[in-house]
Every structure is written in C-alpha cells, then in structure tokens.
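There are 2 protein chains.
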Amino acid sequence: MCPTEPDSTEAAWQKLLRIRQSIDNIDAALVHLLAERFKFTQEVGELKARFGLPASDPEREHRQIARLRELAIESNLDPEFAEKWFNFVVTEVIRHHIRAGAEGEEREIPED
Amino acid sequence: MCPTEPDSTEAAWQKLLRIRQSIDNIDAALVHLLAERFKFTQEVGELKARFGLPASDPEREHRQIARLRELAIESNLDPEFAEKWFNFVVTEVIRHHIRAGAEGEEREIPED
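Here the protein sequences come in this chain order: A and B.
Under UniProt numbering, the first sequence has 76 at position 76, and the numbering climbs by one with no breaks.
Under UniProt numbering, the second sequence has 101 at position 101, and the numbering climbs by one with no breaks.
Looking at chain A on its own, in the form it has when it is part of the complex:
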C-alpha cells in the first residue's frame, strides 16, 4: 500500500471528509458558473426578441456538443455524460425562460 493511502478506517474517514470539502468547493464553483451562464442566456433571449433574430440555431448546438465532447475526452470525463449534462442544462434553461416569459411579456426562446 502506498504510504499516503489511509491504513485504518479512522484515516479513511479523515480522507473522505477532505475529499468532501473539495467536492463542496467544486459544487459552489459550478453553481456560480451556472448563474453566470444563465445571465448570458437571458441577455441572448432579450437580444433575439428585440432584433427579431432567429430563436434557434441547430448548427451552433451541434458545434457546441461536438466541442464539449472533445473537452470531456481531454479531461478524462465520459463524453456521453458531458453531452447528456449539456442537453439537461439547455432544456432547463429553455423551460425557465418560457416560464419567465409566461409571467411577464412574451419573448423568443434562447437556445444558446
């Protein structure tokens, strides 16, 4: 066994707690980045509505997915997971914008 590896249940618990702190830090960063992404997609939605730009752009979406799959492979993340995750976020963002639109004025749906 490698000397830095825990050699008792107590040491394993200590290591688990340290890893959980890292997971919590990463999750906080993820939430803040999602908040920033959401601000940008809101801005895109407003721009598209005001200037009558097309609401959806399937080619852009294909490019986004292909790029995220490549980035996932480079960083040793399952590309299927990355694609599924991206689709989840895009779907939720659209749903949220539709709900926001229903509460206020009608607007185009951003797909960025």
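The hints are simulated quantities; they were obtained by calculation from the structure and are not laboratory data.
Among the hints, a few may not be true.
Here are the simulated PhoX-like pairs of lysine-lysine, each with C-alpha atoms no more than 20 Å apart in a straight line [as the list claims (entries may be wrong)]:
1) B/Lys-84 with A/Lys-39
2) A/Lys-84 with B/Lys-39
3) B/Lys-84 with A/Lys-84
4) B/Lys-15 with A/Lys-39
5) B/Lys-39 with A/Lys-15
Position chain B relative to chain A; hints supplied.
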C-alpha cells in the same frame, strides 16, 4: 436606449457572437470542473469500498442541497434549477459508477 446597446441588427449579431464566446468559455470551465468532481467521487467510491464505509449518507445530501440552494439565491440563480441540476449530476454519477463497477469489480456506490 443606452449608448452601449446595439442599435442595428448587425450590431445585435456582433453582440450575440461576443456573448456566445462567453457562454462557450463558461461551458468549457463547467466541463473541466465536472471532470474534477468526477475524479473525486471515484476516489470516494474506492475509499468506501475498501474500508466498508456506508455507501449512502442522506444527511450529507440534504445539507448539500440546502447549501447549493442558498448559493444559488445569493448568485441570482433559481434555487429550483440548482437543486434539479444537482440531483441530475448525482444520479448520473451513480449510474456511471454502477456501469463502471459492472464492467470491472463490484464496488460500493458513492453518493458524494
């Protein structure tokens, strides 16, 4: 109209392209953070399996969700979205670990 706002369709397109670059940068950061998170949950799974630690910890999960909802509110992100997103990631991570376990040796399911 504010002077920094686009005043023509051409200017709106230019602004849209700039925003898309920001969205792409954020998405790259999100994928890299997800890759890092996944490495940690893999480590947790291995630790739990080796030392016979409990696979699931519902109290920790409740604390995680409550904390992420608070962080979402602070950063002006819909807390429902943050919770749904967290549940999606946890479910996918568990599914992935189960699949990885089925291909190799049996292991406990990490829920961190």
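Outcome of the hint check:
no., hint, result
1, B/Lys-84 with A/Lys-39, "holds, 18 Å"
2, A/Lys-84 with B/Lys-39, "holds, 18 Å"
3, B/Lys-84 with A/Lys-84, "holds, 14 Å"
4, B/Lys-15 with A/Lys-39, "holds, 14 Å"
5, B/Lys-39 with A/Lys-15, "holds, 14 Å"
Checked against the numbered hints given earlier, this structure breaks none of them.
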